[in-house]
Each structure stands twice: as C-alpha cells, then as structure tokens.
Amino acid sequence: MLDHTPTKKTLVEVDGLRMYFPITAGLLRRKVGDVKAVDGVSFNIYEGETLGLVGESGCGKSTCGRALLRLYNVTEGSIRIGGVDIATLSHDALRRMRPTMQMVFQDPQASLNPRMTVAGIIGEPLDEHTKLSHSEKLERIYELMDAVGLSRDFANRYPHAFSGGQRQRIGIARALALSPKFIVCDEPIAALDVSIQAQVVNLLEELQDRLGLTYLFISHDLSMVRHIADRVAVMYLGKIVELAGREALYESPKHPYTQALLSAVPEPNPENESSRRRIILTGDVPSPANPPKGCNFCTRCPKVMEICHRVEPASREIEPGRFVACHLYETATTAETTAAHNSAGKARLSNDNQPTQQGV
Amino acid sequence: MTDAISIAAKRSAPRNQWWDVWDQFKTHKGALVGLAVFFSILALIIIGPWIWTQDPGFVNLRARNQGFSAAHPLGTDQLGRDMLARIMAGGKVSISVGLTAMLLSITLGTLIGVLAGYFKRLENLLMRGTDLFLALPLLPLLLLMVTLFRDPLSRSFGPETGIFILIVTAIGATSWMQSARIVRGSVLALKEAEFVLAARSIGTPPRRMITRHILPNVMSPIMVSATLGIASAIITESALSFLGLGFPPDFPTWGRLLFDAVDAMQLYPARVILPGVMISLTVLSVNYIGDGLRDALDPRIRGR
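Protein chains in written order, with our numbering: chain R, 1 to 360; chain X, 361 to 664.
Hints are computed from structural coordinates only; laboratory data are not their basis. This one's a predicted model, so the numbers in the text were calculated from it and none came from an experiment. This list has only true hints and no planted wrong ones.
Straight-line alpha carbon distances no greater than 25 Å define the calculated DSS-like cross-link-like pairs of lysine-lysine that follow:
hint, chain 1, residue 1, chain 2, residue 2
1, R, K31, X, K551
2, R, K31, R, K293
3, R, K303, R, K293
4, R, K8, R, K181
5, R, K181, R, K137
6, R, K31, X, K480
Part of the chain R face toward chain X, derived, beta carbon under 8 Å:
hint, residue
7, L69
8, L71
9, R95
10, Q102
11, M103
12, F105
13, A110
14, L112
15, N113
16, P114
17, R115
18, E124
19, P125
20, E128
21, H129
We put the beta carbon where it would ideally sit given N, CA and C, even for glycine.
Produce the complete structure using the sequences and hints provided.
See below:
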C-alpha cells in the first residue's frame with residue numbers, strides 16, 4: 001500500500017511500543033515478572049486511512065489501542081501523533097493533545113455513564129476543552145447528534161433507554177465532539193447485532209469521507225476489516241507478525257499465522273467454500289507472561305523450523321509496503337543470514353510450502 | 361397532558377434533571393408518606409413550642425405522674441414536667457443531633473472512601489486508618505472524648521452548644537468507617553468501568569472525574585448508609601445521655617426521656633411508648649425518604 005500512497009503524510013508513528021503489566025506475588029507484592037501485552041510494536045498510520053488491527057482475543061490489540069492514546073503509561077517506545085511524542089508528555093500537555101485523538105469503545109453500554117443524559121455525555125468533551133456558551137454547546141451537541149443519525153429529541157434521555165446501535169452512535173458522537181484527526185475504534189462492532197454492525201461501519205466510513213478522519217480499527221472480524229481497512233496489521237501475542245495492504249494480505253497471506261487466520265473466514269460462495277482448506281492450529285496461545293524463546297508463534301506454527309525456536313524473526317519488508325516477521329522469508333531477501341544459521345532443510349521446507357500459500 | 365408538556369420542554373432545551381428526580385420521587389408512595397411524616401415531626405418540634413408554650417423544665421411536684429388530661433395532653437413525668445413540651449424540646453435536640461452527626465459521618469466516610477478507592481497511593485494509609493478506627497473500643501473512646509473536651513467546649517460555646525458540638529463530633533467521628541468501606545468498594549469497581557476510561561481519553565482531570573462520574577454512581581450505597589446513620593445517631597445519643605456522658609440530666613432529648621421512663625415502665629408505659637414511637641417514626645420516615653430518593657436518583661429505575 002505504501003507505493004499506492006506515496007504522497008500521504010504520516011499521522012501516527014509508533015516505534016518499538018512495549019506495554020508490560022507487572023505481576024506481583026507474595027506478601028510483599030514483589031514484582032516477579034511481566035505480562036507482555038504489547039511487545040515491541042512499530043507501525044505508521046497515514047492521514048485519512050484506516051489501519052485494521054486484527055488478531056485473536058488476548059493478543060494485545062486493545063491494549064495497543066489504549067496505549068496509543070496513552071490511557072496506559074507505556075513501558076517503552078514512542079508514539080508520535082502529528083509529530084508530538086505523546087508517550088512522554090506531561091499530564092498538562094497530554095490534556096491539550098486529547099482533542100486530536102479520541103476513542104470509540106467496544107461495549108457501548110459500559111462506555112456511557114448511566115447517570116448522564118445523552119446531551120451530558122456528548123457535551124463532556126466540550127465542557128472539558130472548549131469555552132462555548134450554553135446555547136452554542138447545545139447547538140454543537142445537536143449537530144453531532146444529526147451527524148451520527150440520532151434524533152434531537154433523544155438529548156434528554158439516559159443511555160439505558162437506547163439500543164446497542166444507538167448507544168454506539170452516542171459513543172461515536174462523543175468521540176467526534178472535538179473534531180479529532182485520529183480515532184481509535186476498539187472493536188466498535190463486536191458487541192452489536194450483525195445488521196447493526198453494518199450500520200455502524202457505514203457510519204464510520206461516511207464520517208471518514210466527510211471529516212477526513214484517520215482510524216485505527218481494532219477487530220477480530222476479518223471480513224469487516226477487509227471491508228473498512230486500507231491496510232491491515234495482524235497481531236499475535238503482543239507482536240505484529242504481518243502488515244500489508246488489504247488486497248495483498250487477503251489475496252496472498254505470507255505469515256503462517258495470517259494464513260491460518262484467514263483460512264478460518266467462511267467463503268460466501270458455496271463452491272469455493274467446499275474447497276476451502278482450513279489450517280487448524282493445534283495447542284493454545286502461550287502465556288504473554290512467559291512467551292516462547294525465538295519466534296512467538298513457534299509453538300503452533302505448521303511450518304516451524306529449527307531456527308524459529310532460537311532466533312526471534314525481525315519484521316522485514318519483503319515487498320514494498322509489506323512487512324512480515326517470519327524466518328520463512330529471510331531466504332528470499334537476505335541469503336547471508338540464512339547461511340549463517342542454517343541448513344538446506346530449511347530452504348527445502350520453505351520451498352515445499354510455496355504451493356500451499358498460493359492455494360489458500 | 362403532562363406528556364405534551366414534557367415533549368415541548370424536551371424540544372426546547374435539556375430539562376433540569378432534578379425535575380425528573382422529583383417526578384419519580386412522587387411515584388414512590390412510601391417516600392411521600394415518609395416525607396409527610398417527617399415534615400409533621402419537624403413542624404411539631406419547630407412550630408409546636410410557639411403554640412404549646414409550657415416550659416419543658418418546669419417542675420410541678422403536685423402534678424406528678426399524671427395521665428392524659430386537658431392541662432397535660434400527654435401527661436406528666438415523675439417530677440410533674442409536661443410530657444408534650446418535653447417531647448417537642450427533646451425532638452429538636454435529637455433530630456438535630458441525628459442529622460448533623462449523619463452528615464458529618466457521611467461526608468467523612470465518602471471523602472475517605474473516594475480518596476482511598478480512586479488514588480491508589482492513598483489507599484493503604486486511609487484504609488489502615490479506617491481499620492484502626494473500627495478496632496477502637498467505642499465506649500471508652502467516647503468517655504475519654506467527653507471528659508477531655510466537655511469543659512473547654514462548654515466554656516467557649518456555652519454548655520448546650522458545647523455539648524452539642526461534642527456529641528455530634530463524637531458520633532460522627534466514630535461512625536464513618538462503614539460508609540468509607542462501602543464507598544471504597546464501589547469506587548474500586550467503578551474506576552475500572554469503561555466510561556471512566558472514556559472520560560480519561562477525553563482528558564477529564566481527577567477531581568471532575570470524581571464529581572461527574574464516580575460520586576453520582578456511588579449515590580445509592582451512600583444514601584442507604586445515610587438513612588441508617590440518622591437512626592443510629594439518635595440511638596447513640598440516647599445511650600450517651602443515659603450513661604451520663606451526653607447532655608445534662610435536666611436537658612430533654614428523646615433518648616433521655618426514654619431512659620428516664622424505664623424505671624417506672626410497668627406503672628406508666630405511655631412515658632416509654634411516646635418517645636419510642638417518635639424515634640421510630642423519625643427513623644422509619646427518613647428510611648423511606650432515602651429509599652425513594654435512591655430510586656429517583658437512578659435513571660435506570662426512573663420512569664418504570
């Protein structure tokens with residue numbers, strides 16, 4: 001995708017983001033380890049695009065999204081939004097940055113204060129960051145309600161009186177209140193009915209076109225991500241294993257994990273569906289508190305090699321704009337490293353795998 | 361008809377939330393009755409003395425232990441003092457002690473509970489302090505407070521106000537721990553709620569986070585412990601007066617009247633029943649008001 005959008009400006013730059021949560025144990029609450037929820041993630045988001053972030057539950061997608069807005073104090077790494085590194089900003093400076101970045105939450109019920117009216121909820125960002133008069137504020141609240149398709153009559157009602165889709169619209173209106181540039185959508189459709197999912201996603205797309213928004217769209221719904229995202233990042237156990245343009249990723253997934261993930265998406269066409277070959281992964285996701293040595297995926301990878309248990313694969317650009325962190329593709333790009341650690345067996349293995357990848 | 365009005369009001373501007381609360385409160389019959397009873401008790405003890413002008417402290421030994429009569433509608437006590445006047449005077453003290461001590465203990469309990477729940481750094485200090493207060497033996501502590509501070513307070517504020525301040529502080533300072541623990545528990549749960557995270561992503565600073573998001577949502581438990589607190593404050597005051605630690609013996613409070621009458625309970629049961637009924641009515645009406653208010657403040661229950 002990089003080659004398609006060479007003129008676009010980078011809005012969000014994430015470099016080596018790590019988010020560890022300490023594990024304490026014993027009487028004195030000594031720190032005995034870390035849950036490595038996000039472990040060295042780097043990516044860019046260009047202005048006006050949607051980056052989809054997919055992965056199975058517990059892989060650190062939501063933590064990554066929240067750390068990006070610094071709802072957590074990040075352990076390491078830098079997050080540059082519009083050129084400002086927010087990972088190290090002071091509280092006051094961060095508060096002034098808040099209007100440029102907002103978030104839409106997963107559970108629309110839980111993300112709205114049950115004791116506030118819709119007008120109060122949508123007006124909260126305005127109260128915090130603007131000095132509008134009462135009537136101006138009300139006018140802006142009504143505008144926002146129009147923008148997300150809520151009737152103005154609802155301004156006085158409380159969240160419990162709404163359906164899930166309407167609640168999510170309230171959440172979106174709140175996120176839009178300060179005209180942000182960047183919105184993290186943390187599984188905004190996961191808690192919604194399928195028919196409502198489409199409405200909300202269409203609303204998000206329409207708002208993007210109209211207001212020039214940039215999204216980080218976190219989801220585990222691969223077909224929805226295919227619909228909305230321009231580029232897709234696949235996460236596994238706190239790391240991004242593959243990052244590519246949407247079409248390229250869905251047409252020919254490179255990383256074995258992406259292949260397995262995409263093979264689980266049902267095919268609408270029954271003929272293709274009958275010939276769909278699922279790659280079934282065995283075993284469980286290792287604990288993020290104790291990830292395996294070498295590649296994080298080595299315990300479940302169907303194409304695992306000896307090197308995978310020893311050396312952590314670096315993310316490398318195998319095609320323009322396409323990043324994969326897998327030893328399988330090192331042979332194609334850098335022959336020297338392969339020769340250093342390795343063996344004819346590995347080359348043979350990766351060659352054997354070539355047809356399978358195209359078949360998926 | 362009211363619908364038409366409310367729709368018109370909605371169109372024009374967001375309606376003041378307190379009108380919704382009042383609308384819901386009105387639908388709670390028990391709360392309305394409680395409110396009526398509480399206001400009649402207040403009227404009795406505030407306006408009553410202007411109409412029934414007998415001095416509650418006037419001793420008339422010739423009219424001892426009388427039953428109900430025109431001269432003494434509720435009879436007289438063992439020293440011939442008029443019971444109606446004493447109940448009215450006693451109510452003033454008991455209810456003001458109850459309300460003030462409850463306010464003090466709720467304020468203290470909520471403050472400490474919210475601070476301990478919201479700010480992780482303060483939690484250990486505050487909650488161990490709460491445990492310390494819970495572990496203190498209350499009666500010796502009250503005894504100590506009264507003996508230490510009665511004279512200086514009486515000297516600077518006059519005997520009645522001095523004792524009032526002392527009793528209210530003593531009750532307030534020894535009864536906030538339960539509400540502090542309840543509030544802390546609710547705050548801990550609320551702090552992890554997604555709407556608090558949403559407010560953080562907006563950039564709401566902690567103090568407004570507490571007033572806007574945390575406090576309204578811990579209102580229910582606070583309300584319950586407040587209404588229970590009034591009852592226990594009135595009863596603690598009675599117990600203190602009975603032990604001779606509270607107001608002076610000739611100073612009527614409901615608790616004092618009750619305990620004075622206990623000796624002759626079998627001969628003159630009315631003298632026990634009357635202050636007892638007043639205490640129960642107050643406590644019950646306040647509980648019902650609190651119940652109605654709690655429901656009315658919760659938008660999820662409102663409108664059902």
